[in-house]
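Chemist: Modelling step: build the complete structure from the supplied sequences, incorporating the hints.
Just so you know, the protein sequences line up as chains A, B, C and D, in that order.
Using my numbering, read the first sequence as starting at 1 and increasing by one per residue.
Using my numbering, read the second sequence as starting at 334 and increasing by one per residue.
Using my numbering, read the third sequence as starting at 667 and increasing by one per residue.
Using my numbering, read the fourth sequence as starting at 1000 and increasing by one per residue.
Everything labelled a hint here was simulated from the structure, so no lab data went into it.
Quantities reported herein were computed from a predicted structural model and do not represent experimental measurements.
It cannot be assumed that every hint is accurate.
[Unchecked claim] Covered stretches of chain B (in silico footprint by chain C; criterion: 3 or more residues with CB under 8 Å from a CB of chain C, positions within the stretch not fixed):
#1 347 to 361
#2 543 to 551
#3 645 to 659
[Said to hold, decoys possible] Dumping the calculated PhoX-like pairs for lysine-lysine here, alpha-carbon to alpha-carbon at most 25 Å:
#4 B:K647 x A:K309
#5 A:K54 x A:K182
#6 B:K642 x B:K515
#7 B:K387 x B:K515
#8 D:K1181 x C:K975
#9 D:K1181 x D:K1026
#10 B:K642 x A:K182
#11 D:K1181 x C:K848
#12 B:K360 x B:K564
#13 C:K848 x C:K693
#14 C:K720 x C:K897
#15 C:K720 x C:K848
Virtual Cβ for every residue (Gly too), placed ideally from N, Cα, C.
There are 4 protein chains.
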Amino acid sequence: MEIVEYRPRPDQLVYTFGGAEPVMRIKPGTALKLWSEDAFNNALTSVEDLSSEKVDLNFVNPQTGPFYVEGAEPGDTLALHIVELTPARSYGASATIPFFGGLTSTDRTAFLQDPLPDTTWIYHVDSTRSTVGFQARFGDFEVALPLEPMLGTVGVAPPGGEVRSSLVPERFGGNMDAPEVKAGTTVYLGVNQSGALFSIGDGHYRQGEGEACGTAVEGAMHSTILVELIKGGAPAWPRLESDGEWMAVGSSRPMEDSWRIGQVEMVRWFGELFGLHQMDAYQLLTQTAQAPIANAVDANYSVVVKARKSLFPKAAAYDGLHADLRRRSAELL
Amino acid sequence: MEIVEYRPRPDQLVYTFGGAEPVMRIKPGTALKLWSEDAFNNALTSVEDLSSEKVDLNFVNPQTGPFYVEGAEPGDTLALHIVELTPARSYGASATIPFFGGLTSTDRTAFLQDPLPDTTWIYHVDSTRSTVGFQARFGDFEVALPLEPMLGTVGVAPPGGEVRSSLVPERFGGNMDAPEVKAGTTVYLGVNQSGALFSIGDGHYRQGEGEACGTAVEGAMHSTILVELIKGGAPAWPRLESDGEWMAVGSSRPMEDSWRIGQVEMVRWFGELFGLHQMDAYQLLTQTAQAPIANAVDANYSVVVKARKSLFPKAAAYDGLHADLRRRSAELL
Amino acid sequence: MEIVEYRPRPDQLVYTFGGAEPVMRIKPGTALKLWSEDAFNNALTSVEDLSSEKVDLNFVNPQTGPFYVEGAEPGDTLALHIVELTPARSYGASATIPFFGGLTSTDRTAFLQDPLPDTTWIYHVDSTRSTVGFQARFGDFEVALPLEPMLGTVGVAPPGGEVRSSLVPERFGGNMDAPEVKAGTTVYLGVNQSGALFSIGDGHYRQGEGEACGTAVEGAMHSTILVELIKGGAPAWPRLESDGEWMAVGSSRPMEDSWRIGQVEMVRWFGELFGLHQMDAYQLLTQTAQAPIANAVDANYSVVVKARKSLFPKAAAYDGLHADLRRRSAELL
Amino acid sequence: MEIVEYRPRPDQLVYTFGGAEPVMRIKPGTALKLWSEDAFNNALTSVEDLSSEKVDLNFVNPQTGPFYVEGAEPGDTLALHIVELTPARSYGASATIPFFGGLTSTDRTAFLQDPLPDTTWIYHVDSTRSTVGFQARFGDFEVALPLEPMLGTVGVAPPGGEVRSSLVPERFGGNMDAPEVKAGTTVYLGVNQSGALFSIGDGHYRQGEGEACGTAVEGAMHSTILVELIKGGAPAWPRLESDGEWMAVGSSRPMEDSWRIGQVEMVRWFGELFGLHQMDAYQLLTQTAQAPIANAVDANYSVVVKARKSLFPKAAAYDGLHADLRRRSAELL
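Modeler: Right under this line is the structure:
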């Protein structure tokens, strides 16, 4: 297996999906060992650092990439298997950026009220106990929370020549902020441009569903990722697979549309997996799906629709690629 | 403990929250053993029964109740602890009612397209294996799914003299269609009218999150419920508590508003539980909450926002009432 | 023509559609001369009167009615022709009620921000110049605005035994807050309960589209209304007709659903008026409709979809009833 | 006055805002005489031409431009005064593209229903009578409708290096599909990139509000446009000015957010025009604004919030630039 390491210099960071030259070309089958900067470009290192002073929302979620995958053409399916995610710093940061987040008016849900206080929280990583520490800013409450690393962004170049901010989750993946994008998960993305041009970033040391305040425990990350290419078969929207679940992610507004997208994508997938008529897939998923909100705060809202494999007959998506990637990933750990 | 059994005659079924005379008065501390009719009034007993012919959407979700709880006044908190739920029939039914459900246009999301085929599925209960059987209608796929009984509706009379259809989830509870409303869960509802006037119904033998097609595996149900009253302290929106979780349910449109409601209610609850400032509660829940969609199909959409107790310091809501109800419920099983 | 005058005593005011005993029975063809209280129950008479202290949102929009229309049965169409609207007081009031309105978070769009300042504006009516006077509260700007009286609420009892707050616009009419509900307009409402049980209220001395802050220039009103009954033909959603326009009002959430409802209702109406296939009606209205937002602030948002008669061949809705009512109304002025 | 004519060759058409090299550099004060292709690239010239066969949604709304305006820098305000719009062909086309439009499910509002019939309508321009002719496709109804030319798209390059499809309306303008963008209107757009890089296209021979089916009477257009630059003062969202109205356009999802954006932008503008406190501007606009829906069908929904100048004291936006442009435009007619 070819193993490629890459750590971008600050001037190599990009802030969009699409629109950037690839940093390298890789072959399907390559294992990437990547470093990614945190969502704030490491601007928040103490509770004295205020996001309104140090963070420019046009330059957040710096991406590591994009990578050109040889042979990838529009209509193909890029498979990114996340082998391992490890914090690359001893602290993570979160903040309530003025007029950004889920429980505040924004530039879209535009009201006349004053913003919430611009507040920063710093979480210290305890790698022995595998925790990050929450400390109240308006009191003395403390609690250590389990470290659960995930990637907020993973995406390819969009279709139609569009270039989208790395704050955006969409059909091409992007800033889905889904806790399910973690070690052990394979992400399937439809390819829109030659080479796919995927990138990753926005590491979270942990995050609740919805990412209520708009920022997780943001931290630089070491990511090991296995890259594969499936010719053809591009899903309309991102699909995820873990040992236990098939999943699809819808990202749009209003949130019911995100759910509808994810649910319809799962109906299509169940048609492929089990040869089910769409009405039967609709019915079966009605009684079995899970539907957590991934983010309620980004340019689009993301909902993950999941089916637990244990409930259904055995079925292999993409000729069993996920299981194969799991086997291969064992060599890397 | 006083134990009261009640099975409504067909003419005693009600189809609203509010607007109906109580079927009986009960004291706080009473255990109720209730029977409830299925959402379709048992109109769908074979796949030949079509919902467009046999179901009138003005008369679905028949309620068992309402019950007048002595001493309950506006501003108080009704606690309903679900001790046990058991299917009362050997089959459940589900259907894709024309222009009703999550992946079809409706009277609200009004489009010009033709409806999806009016289709009925019948699920047989295997009580030995604790399963319900799915059988494809457009193919020969079959699978047995775990029985996971829950109540689609539990609610009190609304405020302001309103009377709402039993299809509606709202501030007063109602048709939340949340899988979390199952045995072992305590439901806290703010009281709006003297006596609270709560009712239950819409038993589901199982349901996925979102209840995509609009109908779960609908079935008549035996419910054992412990009723308690907390003077004062009415939550703004329904709260749930299980051994493992604190939860709040928001129900509105669009779906992001349902999430916002649930998330804000949890911020308030965390303020009560831990004395946290709202900004700290907002931050802490951002990193820890779960946020499954309960229904994406009803008059309002419902989202459950949850916090797993194991992540936080020990705290007792409502003076430990849930734990006390769990102890008392053991006597009933 | 039978002319009936009615001015409710304070204890006769009702705050719901449905759920109240009729104040009188009237025959189709009756002219009603009604007095209605303002939305705030006249609680705001000076800028010192704060809505947070004087207004209970469970008791706003007091209704004059309900009236039982003899012969009206479910499925029939109630026609209410507004002959004349005249301010019944020399002042109107508006206010930014905390957490109520279009540019503030609310109990639904629930955020953590502080409310906007609770502020009251009093508008003096100059009946000679037919104006109401705006006076800035945070500066010395003044401007006289044209008096344009309209009714914020007009509705019948809802279907399915529901009782809804007079703050709600819905399929049954209600708090649509549409400036088009003014003298010269006929309102067509589907009848849901015997007698229709309609009421009116929430007079506005004027209002912009959207009713941005949630309250118009609220004022007590003298209304002259001609009541007619069409057997059968109930529209699914409220329709309006003026000399120049056919209109339909959709009320739901999110706002695109309100628009969809209104647009589909107009497609249906154009099918009736011109025998058009729904695809042709869809196309023709695409190029001709107007679509102002009526309210963006109520329990449901309302959108009016309009077609200007002058663009189309002559057509008579409901056998020319509107023109007939216009003729009859001339006798009353 | 410098007058520049430009008609793009087919290979010079662009399909994005941002991401394309400017076709020329122009000085502020220039008058442009432009030709633009229709939204379908002239693919629909008979009712036999089906959009599903001839139209690729990645290549619609071809743009004429972008133009580099000398001296324009981020934070400046580009003023585009529309002097004249004239149909450049004798026919326009409209179509119900499968899964595109306002009364059908789409890739976002994703349902399982079949699409509406793919249908094309051709409108013949009668330049003598200034009409376009509607002919029913499913019957023999005909009607001539007034020609009311407008531009569906006018926009600058987006901020943050984004490149957006010419189907998108946003903060940078774009596919707002607002009937108000017609001869006599000045469009003010905040500049995001050096040179502004604006383009126009998507001419409509007429359109109803909402553009219900997703396509207006689409036609090639001759446009005369006066270009001016205001240093600084960039509005957050597009503003429009006509002799009779000040306007702002919000574009987002759900539609209430589009309205909120437009309304808040008008509050800001009224602060600038009259020195009003935001609470007074909020109140005054509540009683006076108009709020038509421009489109309910695009990637974002657009709402125009308007204030009629005749209601208010005289005030000059941007030092009276609109009036000045009107005077200058007289020389060109």
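Chemist: Decide, hint by hint, whether the structure agrees.
Modeler: Evaluation of the provided hints:
1. 347 to 361: This one holds; 4 residues, not fewer than the three required, reach chain C with a Cβ under 8 Å.
2. 543 to 551: Since three or more residues must qualify, the claim that chain C covers the stretch 543 to 551 of chain B is violated, with 0 doing so at under 8 Å.
3. 645 to 659: Check failed, 0 qualifying residues.
4. B:K647 x A:K309: With a Cα-Cα distance of about 34 Å, the restraint between K647 of chain B and K309 of chain A is violated, given a limit of 25 Å.
5. A:K54 x A:K182: violated, 29 Å
6. B:K642 x B:K515: Distance of about 18 Å is within 25 Å: holds.
7. B:K387 x B:K515: violated, 29 Å
8. D:K1181 x C:K975: Distance of about 23 Å is within 25 Å: holds.
9. D:K1181 x D:K1026: holds, 23 Å
10. B:K642 x A:K182: Since the Cα atoms of K642 of chain B and K182 of chain A sit roughly 23 Å apart, the hinted pair holds (cutoff 25 Å).
11. D:K1181 x C:K848: violated, 30 Å
12. B:K360 x B:K564: holds, 14 Å
13. C:K848 x C:K693: Holds. K848 of chain C to K693 of chain C sits at ~23 Å (cutoff 25 Å).
14. C:K720 x C:K897: violated, 44 Å
15. C:K720 x C:K848: Roughly 29 Å between the alpha carbons, so the hint for K720 of chain C and K848 of chain C is violated.
Violated hints, in rising order: 2, 3, 4, 5, 7, 11, 14 and 15; the structure is consistent with all others.
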